[in-house]
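The listed protein sequences correspond, in order, to chains A and B.
First residue of the first sequence: 15, per our numbering; consecutive thereafter.
First residue of the second sequence: 20, per our numbering; consecutive thereafter.
What the hints contain is simulated information worked out from the structure, not anything from laboratory work.
Check before you lean on any hint, since a few could be wrong.
With the Cβ distance kept under 8 Å, some of the chain A side facing chain B (calculated, not the full set) [unchecked claim]: (1) Tyr24; (2) Lys55; (3) Phe56; (4) Leu57; (5) Ile59; (6) Ser62; (7) Lys66; (8) Ala101; (9) Leu111; (10) Ala112; (11) Asp116; (12) Gln118; (13) Phe120; (14) Gly121; (15) Pro122.
The calculated EDC-like cross-link candidates involving lysine to aspartate or glutamate, where the alpha carbons are at most 16 Å apart (straight line), are [what the hints assert, rightly or not]: (16) Lys55/A x Glu95/B; (17) Lys119/B x Asp32/A; (18) Lys81/A x Asp116/A; (19) Lys58/A x Glu95/B; (20) Lys58/A x Glu72/A; (21) Lys54/A x Glu27/B; (22) Lys75/B x Glu61/B; (23) Lys23/A x Glu61/B; (24) Lys50/A x Glu95/B; (25) Lys119/B x Asp116/A; (26) Lys50/A x Glu72/A; (27) Lys55/A x Glu61/B; (28) Lys119/B x Asp44/A.
Glycine is no exception: its CB is placed at the ideal position from the N, C-alpha and C atoms.
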Amino acid sequence: DTAVSQTPKYLVTQMGNDKSIKCEQNLGHDTMYWYKQDSKKFLKIMFSYNNKELIINETVPNRFSPKSPDKAHLNLHINSLELGDSAVYFCASSPGLAASTDTQYFGPGTRLTVL
Amino acid sequence: GDSVTQMEGPVTLSEEAFLTINCTYTATGYPSLFWYVQYPGEGLQLLLKATKADDKGSNKGFEATYRKETTSFHLEKGSVQVSDSAVYFCALSPTGTASKLTFGTGTRLQVTL
């Protein structure tokens, strides 16, 4: 039973296209996240939702729009894809917002390649 | 802003060698500190954590001590195995209620027979 799952695992697309990545967690957690890992393995938070509400929104282009239809899902939609969007995108979840006690569990990642 | 600095890799060791991966941080207040591990083709897994000064986190033979005076959280293991080959990330989360991990750049560890 996968705790945090993402689809698709690989995504190859052309510049200018619009694509979505889906994330689901079956841990009953209240908080979900999207992280971006670039080609140098640098990992940076993009968004965080708690009980379907946006609570963290880092400096991310507005071409990126997260959507949380319910607590168990956090999807990432990207408009007008650019070469620089090529990266591995990780979804994560945690029971709540307290970093000291609420461990974040990561999905396996989605490798996005923009040609 | 908050930041985490890790030693550059890759680190290549023979099996049963001693491992140290250095990590220092910059943050206000008293952040929580973490080590995450990423095995090839997988997502990150929490390896260990420490939430206050002088705490020692430990798991699977790995240890790290939260040193406020040197703002460090170095990862150590007395005897590495081939199965420890992975990328190791040091991270912090600031004090407060919003859980927001700031990661270092990761250190690749390769253990050979």
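Verification of the hints:
no. : hint                : in the structure
1   : Tyr24               : violated (11 Å)
2   : Lys55               : holds (4 Å)
3   : Phe56               : holds (5 Å)
4   : Leu57               : holds (4 Å)
5   : Ile59               : holds (6 Å)
6   : Ser62               : holds (7 Å)
7   : Lys66               : violated (16 Å)
8   : Ala101              : violated (14 Å)
9   : Leu111              : holds (5 Å)
10  : Ala112              : holds (6 Å)
11  : Asp116              : holds (6 Å)
12  : Gln118              : holds (7 Å)
13  : Phe120              : holds (4 Å)
14  : Gly121              : holds (5 Å)
15  : Pro122              : holds (5 Å)
16  : Lys55/A x Glu95/B   : violated (21 Å)
17  : Lys119/B x Asp32/A  : violated (27 Å)
18  : Lys81/A x Asp116/A  : violated (22 Å)
19  : Lys58/A x Glu95/B   : violated (25 Å)
20  : Lys58/A x Glu72/A   : holds (9 Å)
21  : Lys54/A x Glu27/B   : holds (11 Å)
22  : Lys75/B x Glu61/B   : violated (26 Å)
23  : Lys23/A x Glu61/B   : holds (11 Å)
24  : Lys50/A x Glu95/B   : violated (27 Å)
25  : Lys119/B x Asp116/A : holds (11 Å)
26  : Lys50/A x Glu72/A   : holds (11 Å)
27  : Lys55/A x Glu61/B   : holds (13 Å)
28  : Lys119/B x Asp44/A  : holds (15 Å)
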